[in-house]
Every structure is written in structure tokens, then in C-alpha cells.
Amino acid sequence: MKINPFAVMQEEVDHTGIVFNPDNNRVMTLNKSGVVLWKAFENNLSIAEAAALLVENFDGITLPDAQRDAEKFAAVLCEKNLLSME
-16 MKINPFAVMQ EEVDHTGIVF NPDNNRVMTL NKSGVVLWKA FENNLSIAEA AALLVENFDG
44 ITLPDAQRDA EKFAAVLCEK NLLSME
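Residue numbers (this note's numbering): -16 to 69.
Hints should not be assumed to be uniformly reliable.
[Said to hold, decoys possible] Restraint ranges, calculated between C-beta atoms of paired labels, are given here:
hint : residue 1 : residue 2 : range
1    : P(-12)    : G43       : 29 to 39 Å
2    : N8        : L46       : 14 to 24 Å
3    : E39       : N8        : 27 to 37 Å
4    : D48       : N8        : 12 to 22 Å
5    : N26       : T(-1)     : 17 to 27 Å
6    : G43       : F(-11)    : 27 to 37 Å
[What the hints assert, rightly or not] Simulated crosslink set (SDA-like; lysine to any residue; CA at most 25 Å straight-line):
hint : residue 1 : residue 2
7    : K63       : V10
8    : K63       : Q(-7)
9    : K(-15)    : R51
10   : K55       : A(-10)
For the record, the hints were derived by calculation from the structure and aren't laboratory data. Cβ coordinates follow ideal geometry from the N, Cα and C atoms, glycine included.
Using the sequences plus the hints, can you model the full thing?
Following this line, the structure appears as C-alpha cells:
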């Protein structure tokens, strides 16, 4: 997994985030779990490793749910050319 090197993510004080997509000059907002996943993908973690971080950081989420959420988020990022599955 590789984040688009030209994309910029700004984390806000409430731990949400904003991503600037240079390919289309658009902005994408991230909730707290989106920020955790973005940072995981920035660090070249796999979807499974990113899902484990969700379980660590948020109460009440199961590993299967976290895995599903991480997969969906990765797919959205890929569609927006913000992530590649290299």
C-alpha cells in the first residue's frame, strides 16, 4: 500500500483530518478512524495491520469489523488516486 506522495493530510486538533488530492484539487475530510488508517497506510502497513490499529484505538470495534472498514477505506482511497496497492 502506498499513499500518493503528492497528497497532503492535515490532522486537526480534534484528531479528524483533511486530505488534499492534487490530482483533482479536491479536499476529502477524514473522521478519527480515517486519520488512523491514513497514517497506517503512510507507514506502509497492510490492511490487516491497519485494522489491528483500529481495534487498539477505538473501544467496541471487533477485528472483523475493523478489517472490513479498513478494506472499504482503502478502496475509496484507491478510487480517488490517493492510494495504490503496490
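Any of the earlier hints contradicted here, and which numbers?
-> 2, 4
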